[in-house]
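Protein chains: 2
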Amino acid sequence: MKKLLLVYALLIGTFMIYVYFEHFKEPAASPWDVQGLRGEMNETYVMVTFQSGMEYWRSSLKGFEDAAQALNVSVEYRGATQYDIQEQITVLEQVIARKPAGIALSAIDPYALTDTINKAIDTGIPVVLFDSGASGSKAYSFLGTNNYNAGVTAAHEMAELLNEEGEVAVITLLDQLNHQERTEGFKDALSLNYPNINIVAVEDGQGNRLFSRNKTQELIEKYPDLAGIFATEANGGVGIGEAVQLENNSGDIKIISFDTDKGTLEMIENDIISATMAQGTWNMGYWSLIFLFHLHHELTEPMVLKSRDLAPLPLYLDTGITIVTKENVENYFAQ
Amino acid sequence: MKKLLLVYALLIGTFMIYVYFEHFKEPAASPWDVQGLRGEMNETYVMVTFQSGMEYWRSSLKGFEDAAQALNVSVEYRGATQYDIQEQITVLEQVIARKPAGIALSAIDPYALTDTINKAIDTGIPVVLFDSGASGSKAYSFLGTNNYNAGVTAAHEMAELLNEEGEVAVITLLDQLNHQERTEGFKDALSLNYPNINIVAVEDGQGNRLFSRNKTQELIEKYPDLAGIFATEANGGVGIGEAVQLENNSGDIKIISFDTDKGTLEMIENDIISATMAQGTWNMGYWSLIFLFHLHHELTEPMVLKSRDLAPLPLYLDTGITIVTKENVENYFAQ
Numbered sequence: 001m002k003k004l005l006l007v008y009a010l011l012i013g014t015f016m017i018y019v020y021f022e023h024f025k026e027p028a029a030s031p032w033d034v035q036g037l038r039g040e041m042n043e044t045y046v047m048v049t050f051q052s053g054m055e056y057w058r059s060s061l062k063g064f065e066d067a068a069q070a071l072n073v074s075v076e077y078r079g080a081t082q083y084d085i086q087e088q089i090t091v092l093e094q095v096i097a098r099k100p101a102g103i104a105l106s107a108i109d110p111y112a113l114t115d116t117i118n119k120a121i122d123t124g125i126p127v128v129l130f131d132s133g134a135s136g137s138k139a140y141s142f143l144g145t146n147n148y149n150a151g152v153t154a155a156h157e158m159a160e161l162l163n164e165e166g167e168v169a170v171i172t173l174l175d176q177l178n179h180q181e182r183t184e185g186f187k188d189a190l191s192l193n194y195p196n197i198n199i200v201a202v203e204d205g206q207g208n209r210l211f212s213r214n215k216t217q218e219l220i221e222k223y224p225d226l227a228g229i230f231a232t233e234a235n236g237g238v239g240i241g242e243a244v245q246l247e248n249n250s251g252d253i254k255i256i257s258f259d260t261d262k263g264t265l266e267m268i269e270n271d272i273i274s275a276t277m278a279q280g281t282w283n284m285g286y287w288s289l290i291f292l293f294h295l296h297h298e299l300t301e302p303m304v305l306k307s308r309d310l311a312p313l314p315l316y317l318d319t320g321i322t323i324v325t326k327e328n329v330e331n332y333f334a335q
Numbered sequence: 001m002k003k004l005l006l007v008y009a010l011l012i013g014t015f016m017i018y019v020y021f022e023h024f025k026e027p028a029a030s031p032w033d034v035q036g037l038r039g040e041m042n043e044t045y046v047m048v049t050f051q052s053g054m055e056y057w058r059s060s061l062k063g064f065e066d067a068a069q070a071l072n073v074s075v076e077y078r079g080a081t082q083y084d085i086q087e088q089i090t091v092l093e094q095v096i097a098r099k100p101a102g103i104a105l106s107a108i109d110p111y112a113l114t115d116t117i118n119k120a121i122d123t124g125i126p127v128v129l130f131d132s133g134a135s136g137s138k139a140y141s142f143l144g145t146n147n148y149n150a151g152v153t154a155a156h157e158m159a160e161l162l163n164e165e166g167e168v169a170v171i172t173l174l175d176q177l178n179h180q181e182r183t184e185g186f187k188d189a190l191s192l193n194y195p196n197i198n199i200v201a202v203e204d205g206q207g208n209r210l211f212s213r214n215k216t217q218e219l220i221e222k223y224p225d226l227a228g229i230f231a232t233e234a235n236g237g238v239g240i241g242e243a244v245q246l247e248n249n250s251g252d253i254k255i256i257s258f259d260t261d262k263g264t265l266e267m268i269e270n271d272i273i274s275a276t277m278a279q280g281t282w283n284m285g286y287w288s289l290i291f292l293f294h295l296h297h298e299l300t301e302p303m304v305l306k307s308r309d310l311a312p313l314p315l316y317l318d319t320g321i322t323i324v325t326k327e328n329v330e331n332y333f334a335q
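Residue numbers (the UniProt record's numbering), protein chains in the order written: chain L, 1 to 335; chain C, 1 to 335.
Only chain L is shown next, with the shape it has when bound in the complex (with noise of 0.2 Å):
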């Protein structure tokens, strides 16, 4: 009986043992003693954009999601349902009178939501920028595609299909700043690096379908050697590929396209447009969660943390372009 007793208490006393040190351990001494990068579910963080049906969006929320799987936290996904400036400042005033542990935000205008979003700062919850920036506020980080870079890509890809050498158009639109990037970066890299091509060509398409099919169609007429078109965006890029059609000569012109909307992979898989360059929205969604939970979690340069005035993440992480062609569609129609 005693006996059994001294073993009843002995579990007892083991069992409570490992509890102990499994569940109370001592608070860590330095922020890095977390063994793991791991939150609690309770932890929220908020994903804000505009027009917040838009496919795509989807990727990068994905991404978020993601990565709120792996370091076990919560997220939600707000954002203004129009293209309007005032919604999203709306928007994102609830959000931040929430006080949730951090805010992923597209800006739908980079000037237009500084104030707001320098107030959630001010009042502690950690903003990052992707997709779209707002440069002059005091956000941490910008997350997003190199316009510039992704315009050099494109040609670098023309020219591998045009064998280096014809005539070139660029679709675009040209009061806007990513698309201007874009169109000078294509520029600059064939002027750079190959002569025999060139630009007859930089038309606005106003990121209309329609509106860019009748350019085409008119690019066509006056240029009959026309070898290759660059649509800086999407619509666009359908638009080029319904005129080419058209024009019954498909496969003679070589179209690039931007963006990975199911309309432009259709025309990719059906040899009408040759290749589209996707962004990686995915790695904008994911990154910017990752980026949060550090600030939340003060997990950044020592230094930096007693000097508050320091910037404590890398100001701006390229989140790349890759080629999407007839060999690798399927895999973006599986996202």
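It should be emphasised that the hints constitute simulated quantities derived from the structure, not laboratory data.
Where hints are given, some of them may not hold.
No distinction is drawn between identical chains; accordingly, a pair holds when it is met within one copy or between any pair of copies.
What the hints assert, rightly or not - In silico SDA-like links for lysine to any residue, alpha-carbon gap of 20 Å or less:
| no. | residue 1 | residue 2 |
| --- | --- | --- |
| 1 | K138 | I323 |
| 2 | K2 | I12 |
| 3 | K138 | E157 |
| 4 | K62 | E298 |
| 5 | K262 | T114 |
For chain L, the structure is supplied; the task is to place chain C on it using the hints.
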């Protein structure tokens, strides 16, 4: 007696169930079911540099070690002791032969290491580059300073020091790309924003303290109104500081330097150098390991994982620049 046996059995049962659920969970269905980013202590990542004893690497290595602690993995530090291309190739080959979980490399030369880097990647060892890249290689990412932007930052700081007017010189390394970029950024930002600041000279200081000191004395003689000098590297900065002291006009000529070695920091403390550009070296090391960990554990976009030809990681991470002045210099001594 029977009652006690029951309690006994119950306790053992509870304990077994507890242990089972704590330690023998089902393997994760998706890579993000990991419930915290956490590796194993026998997982070893290696940092490889050149002139490996140099003070400059200390902060990058600290970031690498801090990330290892956060992720519960092991790290090692290797490097060519000299500024010797062949020695670094040999060291890198020795590291590859031991099949580490990943390699963070600062390349002594942008071309000479490409074959060795590609060999590592072809045998399944992830490689990222930090501080000095090798853009033609298969390495997954580059983490470092945007040198053009660093020059821009230095220009704005100089303009503030000079109340936006005066004669300015640059002492740089004319043949090295990083230094050309710093100089370009400095020149462009001044000419675009500050019409009353003139750059009167861009000279080669050969990365040498004495040579830069002599160059500066010549400049002061030739341009008696010289108001500011930007040094694109630290040895030059100290030499400029010495020259300005010798000419007995300390404080009249504002000096902006680069990096945070002890000599530079002391001159900031003594009001000889006004500011220096501190690179995000801790972030280079920290995020190199975080990136390598993601490659080793295949924690990248699901679609990219399927299709091995796509880039799994962000291509470039800009680790940023912070301005060190007398106000915050003590944080850098503490490092």
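Okay, the hints, checked on the actual structure:
1. Taking identical chains as interchangeable, the C-alpha atoms of K138 and I323 lie at most 20 Å apart only when they sit on different chains, with a minimum of 16 Å there against 33 Å within one chain.
2. In the homo-oligomer, the alpha carbons of K2 and I12 lie at most 20 Å apart both inside one protomer (15 Å) and across protomers (18 Å), since each shortest distance falls under that limit.
3. With identical chains, the CA atoms of K138 and E157 are at most 20 Å apart between copies only, with a shortest distance of 18 Å across copies and 37 Å within one.
4. Proximity of K62 and E298 under a CA criterion of 20 Å is satisfied inter-copy only: 16 Å between copies versus 25 Å inside one chain copy.
5. For the homomeric pair K262 and T114, neither the shortest alpha-carbon distance inside one copy (34 Å) nor that between copies (38 Å) is at most 20 Å.
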